Every structure is written in structure tokens, then in C-alpha cells.
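Whole structure, please, built from the sequences with the hints as guidance.
Protein chains in written order, with the UniProt record's numbering: chain A, 1 to 420; chain B, 1 to 406.
Think of the hints as simulated: they come from the structure by calculation, not from any bench.
It should be emphasised that the depicted structure is a prediction, and the values quoted were computed from it without experimental measurement.
Cβ atoms here follow ideal geometry from the backbone N, Cα and C, with glycine treated the same way.
Be aware that one or more of the hints could be misleading.
[Stated by the list, open to error] Using 16 Å as the maximum straight-line C-alpha spacing, the simulated EDC-like pairs for lysine to aspartate or glutamate come out as follows: (1) A:K225 - A:D314; (2) A:K331 - B:E300; (3) B:K312 - A:D314; (4) B:K353 - B:E367; (5) B:K114 - B:E130; (6) B:K162 - B:D173.
[As the list claims (entries may be wrong)] Ranges of calculated distance between the beta carbons of each label pair, as one might list FRET restraints: (7) A:L35 - B:G352: 30 to 40 Å; (8) B:S309 - A:V206: 31 to 41 Å; (9) B:S309 - A:E183: 56 to 66 Å; (10) B:S93 - A:S312: 50 to 60 Å; (11) B:L265 - A:L35: 50 to 60 Å; (12) B:T146 - A:T273: 23 to 33 Å.
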Amino acid sequence: MTEPVPPNTARPPRGMGPLARREARLAWGLLMPTLIAVALVVILPLLAVFWIAFKPIGLAELRPPAPVVREDIRGDLEEGDPDAYLRYRLRNSSQDQRITGVTLTDSWPEGLSATEMDPRCTLEGASLSCDLGDWEGGFRDQIRIPVTADPSYFEGPDVEASAPVITGSANNVLTSFSSFTLENFARIFQGSEFWSVLGVTLFYTVFGTAGALIFGLFAALLLDKSFTGQGLLRGLYLFPYVAPVIAVAFAWILLFDPYSGSANALLMQMGVTSQAINFFGERPLALIMVTLFEVWRYFPLSFLFILARMQSIDTDMYEAADMDGASPFQKFRYLSLPQLLGILSVLFLLRFIWTFNKFDDIFLLTGGNAGTRVLTVNVYEQAFALSNIGAGAAVAVVIFLMLILFSLFFFRVMSREEGL
Amino acid sequence: MNPFRIGYVTALLLGALWCLIIATTVAVAMSFATGAGFRPVWLALPLGALMGLACLRWGGHGRPLLPAALALAMLGLAALSGLAPLAIAPDASGPARWTGLIAATGFTALGMWKILEKTPEGALTRHVFEAAVIRFLTGFGYIFFTAIVVIPFYVMVMTSLKNQAALVQNPLDFSLDLSQGLGLFRSYVELMRDYNFGSYLWTSFYVSVLTVLITLAFAIPGAYAVARLRFRGQKVFSRSILLIYMVPMIVLALPIYIAFSMTGLRNTLFGIVLIYPVTTIPVALYMLQGYFRGLPSEVEEAGLMDGLSRLKVIWTITLPLSLPALASVSLYVFMIAWNEFLLAFMLLDDPGKFTLTRGIASLNSSEVPRQHLMAGSVIATVPIMVLFLGLERFMTKGLTAGSVKG
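See the structure below:
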């Protein structure tokens, strides 16, 4: 017998039913591969960057110091050479760091007998083990064990068949939990260099983004009507974005070359300038040029988005405005622009962040010279050109923190602007 | 009363500006085509103003022969008295000279006639005035954008067909010596034969295809889960996908370089194939989940009612329905992988394993002639362009669907 449920206490079931639970399990199952991949290649490296930023580490210290051994037989055993010996050559791979508690083990081949044993080593049955103590940086040594061989030795495997195993513990700067430092940050913030890099980055980002948006808006207005060849032009205007950056960057470098670039030849012929301009080599000009390159390369993207938005605007509105006698500019100013404001602000924020992140373009065009070094190029510069991975990571941390700031702001605006 | 909104003033100003624009365009185009000295002169301004007034006076009611007549008059003036909108150096050949003059006068007249269509001579209403200005700006816009897009690519292709000595001598002379026949493509042959570019092409191709396949294998289930299934954290996910692809590549490249150095994955294509998809999965996931959300869920529910499992439903119903979206995503991911430069540059050292972009970077030295560098660029650009123009519909969709990344 079931109890009647009083109608006023009826409520939706709380918690998760078995179906919902199964659905959630499936969802997590489907997402798991992506989550793992992203964690491995995004989250983990990000944590690593933070870690490395606080480590005094250069490019050379990437390989931790390790003991190295090479084994060979000197002298001719088959001839019965009385001075034949087994030699282990030992070396510390690092020039300046010590390795502690080095031990060596090797399997002793059959038929070989040692006439005298090195005091550091003991032979037990078929295994040789040596206790080699601590090695300073740049340590080198040899172990020589005089040996004679029975005929049985020549039938079995020879000495070099088994590789000796050498172990030792060294302080690996990269993985140790000590030796943290703020030196990297001190280094990148010192002097006026950092602030000039930041200034250049902001100039590049703000003007590159705004320029691409304005050009994109202009191009979208041009193509927002149907005529023959519209599809072709639209395809053509997307070329700068679709082509590999390395190809177009080199084309620009060639075009604006101070000695044999067509742009200079053209300007001189037109009488604009009397001597060749070094577009990518002079101080304020190079920055303007890389910003223009950014505008040129990314206006297609904004144009595409703006055009898509324009074509979804209701035409009734324009007809109504026509009836009221609105002029073309008025229609643009009071009808189109407000409709486009949403996409424009979202585009601005997204492009702002991605321009801020941009590395390839400036790296290829100027290599960060002539006053065009932005933060991302500085990461590369510090880590690889100056061989200071720690300082590079410190710059990367600064970039990342600034991005978090932008993103917080971005999501605030995003939640207000629908779309995308 | 706005002094600009009088037919004569408008025609005068727009005509002057338009003629200067056309003269500059023709001068640049002719210089690039022939290498001879063409340049616009200030005389273009009064000539254009006259042209504007003439079009205003006689062109009002759409007489199609008018621009031709005006252009002929202007051409005649140039031939008889030398008053032309552009100056041509004596080294230009006869046909080039005439082509330049005819183009300059013809386009000036045709453009002015179009711009001043239905524009009265006296006071203009705001409407008519703005319409004329907009037609002017439209014409200018087409010329401007076409020029800035075409010129770098033109220089790229033409340089690859010339030799360095000729270019240093006259950087504007892109005329081709057609008598060499196939010899024109010398740089390409040398790249393929001596610089191993055939193998780079193949490497780039299969790395990109593998990237697409792996990306789809990860992104499809993930996108489906985010778009369709209810679970705790769904909202957070659809948000954080965007966040992830805001992390700059250079920040990740540093630890990836270290990790790959330590594990011996650096300098292997396996490492590259391992890392590329991860950079594209978030983008692909974001694009696909947007598309999946737009599919009607009723079809899938019908499948579930018929006793199909979720995975079966995805495979037999959702995927066939989303083929266009999959095509867009694949193309976009292919493009990213094909164009990728930074990781290939940092992680590959062995010339036997280069991708195309890495191969081009290795050509950037003073020992390699520049036409080789440009030929390499063309080799990298052409396949992606062909793919893009052939499948433009999918590509534009793909670009707008989820990606503001670049």
C-alpha cells in the first residue's frame, strides 16, 4: 500500500538520478583524453615556467651533472700480453658541480682474472662493484685492473659486451627543492630596458589591434553588397591571414629592403625621398612597420567577423530609416555602428590579447632589434640568445600575469556581450 | 549651408583627388610591371578637377559614351601638349607609355562619371552629397585594399622567378624574360633538387594531416560532451576552452623545449606530431561545440529512444549531420599546422626532419640567394591558397565559427 503524497509537498527530485549520473560519467569519459592532453601540454608547462622563473638556470644547466664511464681493454689478451689491463675512464660531465656517492657496477666476464684489484673495487663472483666517493666538478680519473685471460674468455662475450652502470647523486638545479632565487626577476626588471619593452609591447598591441579593426571595418563596408567578383575579392582579401607567416614576413623584408627593395626604389622614383629608407632598421620606423604588418596580416580576420555580423542585421531597419529620410552616413552612424559595437568590442579584446601574445611576426621581421622588442620576443632573447632560461621564464611569468588581468576584464565584457 | 554641398565644389574636389589616386595607382602598377619610371605629378589635381566638372556638366543622365569621350579628350591633351596626370621617364617603351596614359585617363574618366552619377550641378541634398562621397570612398577602398594585398604576393612570386643580380640593378623591374622558357623556374628546381624541399613538403603535409586527425579524435568527443551532455562543471568548461588558447605559445614553448630536450623528443617528428594537436584541440573543440549546440537535439533523442547508445548516436547521427563543420575545422587546423613556425623552429635542428616553414627559415642566410628564399615561400603558400580558394566556403565558415586566433 502506498501512502498518498500531499500535493503541496510535491517537488522535483533532488540530487542526481541514475540516468543523470550515467550521463555525467559519459561526459567526463569523453572529455578525459582532452583534459589529460591539455593538462600535460598546457597546465604542466605553465607550472614549470613558474618553477623555472625562480631558479638560477642557464641553457647549459639543462642537463644535470652525471658521472660518465667508458670501458675498454688495453693490450692484447690473445697474445698473452702481461701488461694488459681493463680500463675504466671516469669523468664528471659538469665542469663546476659536484656529484656525490658515485658507484660503479659491471658484470665480470667469464675466463678473465684480475691479477691485482684496485683498492676502490671489489669483485664478487661475476660482478664488479666500485665505490668511487664524491667527484668535484671537472673530475677525471681512471681505474686500471691488470688482467689475464683463459681460453674460455675468448669463447664467451668480451668485456665490452656488458655496459658498466654508474650512479651518483648530483644536485640538479632544475628539479631540486632548494636554491630558489629572485635573481631572474631582479635581472629583468633592472634598468630601463624592461619598461621600454613594455612600452613597445603596448604600442604594438594597441595600435596593431585598433588598426586591424578599422581596416577590417572599412573592408567589410566595401564588400557588404553583392556584385560580380565579390567572392573573388573576399577570397583575395583573406590572403594575408591565410598565407604562412614566414612567407609573407620575408616578402615584406624583401619589399622594404634598404638596398634592393622595391618600395624604396618606388619612393625614390616618385620623389618622396631622396635616399633609401631602412624601414626595419631605424628606431621609431621599425616599430611602426611591424605594427603595420600586424594590421595588414590581421585586418582580414576582423573584416570577416564584421562582415558576417553586418549581413545578419535586419534590413527592415534600413528601409524604415530610408522612409524617414536618413542619409547614408546617418544610417551608418546611428544604425550599423550600434549593431556592430558588440562584435567590435569582443574582437578588440580578443585581438588585443592575441596581439599581445604574438611572437613570430616581430621575431621574423626584425628579430626584436631597432626598438621592436616586445615581451614575447624578450622571452626568446633572454632564454636562448642570452642563454638564461631562468630569466626567459621570468619574462614569461610577467606575460602570463598580465594576460590573466586582461582575461578577467575580458570575461566581464564577454558576459555582457552575447555572441562568440 | 555647407559650402561643400554644391555640385561644382563636390565635383571639383572629388575629381582632383580621384585623378591623383588613379595617377598614383597607374604609376605604381606600371613601375612594377615594366620597371620604367612612372610617377604621378601634381598636375593630376587640376586635370582631375576639370574632369570632375565635365562629368558633372554633361554626365548627369547616364550617357555611357561620355567617359570614353572625356578620356579621349584628356588623352589628346596629353599627347599634344604633354599635360598628363603622370610623368613617364624616357626609358619607358612606347607601348608601356601609351598603356600608362590610356589607363590613367580612362580610369579617371570612368571613375568620375560613376562617382558623380545623378549629382546635380547646384546645391546638393545631404543624401546626394553623401552618396557621391561614398562612391568615391568605395572606389578608393577597392584600389587600396587590392594594392596592399597584391603587392607583397606579387613581389614574392616575381622575385622567385628572377635572379639576384638583375633585381639589385633595378629593384622595380619585375618583367620576365619569357625566352628562357622553363629556365624561369630554376630556383624551384634547385630547391627541390639541392635543398631537399620535396621532403620538406611531404613532411609538412603528413604532419598537418596527422595533426588534423588527432585533433578531431580528441575534439569531437570533448565538444559533444560540452555541448550536449549535462554534468557538473559544463559551464566552466565552455568558458575555460577560450581561456586556454589565450596562453601564449612562447610561454609554453620554453618548458616544452626543456622537457623535449630532457626526454630526447626534441628534433623528432614524433615530438612535433605530439605537440601540434594540443595547440589546436582547444580551437577545434570550441568551434565544434558551437556547431553541435546548433543541431536539433530531437533527432538524437529519437535515436536514443530507438535504443541506440550515446556513442552510437554520435557516430551514426551527429557526425554525418556535422560534416560541413568537420570540413571547416579540418581545414582550419590544417592551416594552423601547415603555417606553424615557432615550435618547428625551436624543436627541429636536423635538416632531414624539417617542415616547410623550418626549411624556409634555414634559407634565410646571406649565402642563399634571395630568389630561393622567395621560391620557398611560394612553395609553402601555394598549397594552402589552392586549398583555401577551392574550399573557400568552408574556410570562411571555419574562420568565423570559432577562431579569432592567429
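Do the hints match the structure? See the list:
With a C-alpha separation of about 14 Å, the suggested pair K225 (chain A) and D314 (chain A) falls inside the 16 Å cut-off, and the hint holds. Restraint check: the Cα-Cα separation between K331 (chain A) and E300 (chain B) comes to about 44 Å, which exceeds 16 Å; the hinted pair is violated. Between the alpha carbons of K312 (chain B) and D314 (chain A) the distance comes to roughly 40 Å, so the proposed pair goes past 16 Å and is violated. Among the hinted pairs, K353 (chain B) with E367 (chain B) is inconsistent with the structure: their alpha-carbon atoms are about 21 Å apart, more than 16 Å.
As the CA atoms of K114 (chain B) and E130 (chain B) are separated by approximately 14 Å, the hinted pair is consistent with the 16 Å bound. The hinted pair formed by K162 (chain B) and D173 (chain B) meets the criterion: a straight-line CA distance of about 10 Å does not exceed 16 Å. Distance hint check for L35 (chain A) and G352 (chain B): the Cβ-Cβ separation is about 35 Å, which falls inside the suggested range of 30 to 40 Å. Checking the proposed 31 to 41 Å range against S309 (chain B) and V206 (chain A) shows it is violated: the Cβ atoms sit about 52 Å from each other.
Restraint check, S309 (chain B) to E183 (chain A): a C-beta distance of roughly 58 Å satisfies the suggested window 56 to 66 Å. Against the hinted window of 50 to 60 Å, the Cβ-Cβ separation of S93 (chain B) and S312 (chain A) comes to about 51 Å, which satisfies the hint. The given range of 50 to 60 Å is broken by L265 (chain B) and L35 (chain A), whose C-beta atoms sit roughly 21 Å from each other. The given range of 23 to 33 Å is respected by T146 (chain B) and T273 (chain A), whose C-beta atoms sit roughly 25 Å from each other.
Checked against the numbered hints above, the structure violates hints 2, 3, 4, 8, 11; every other hint is satisfied.
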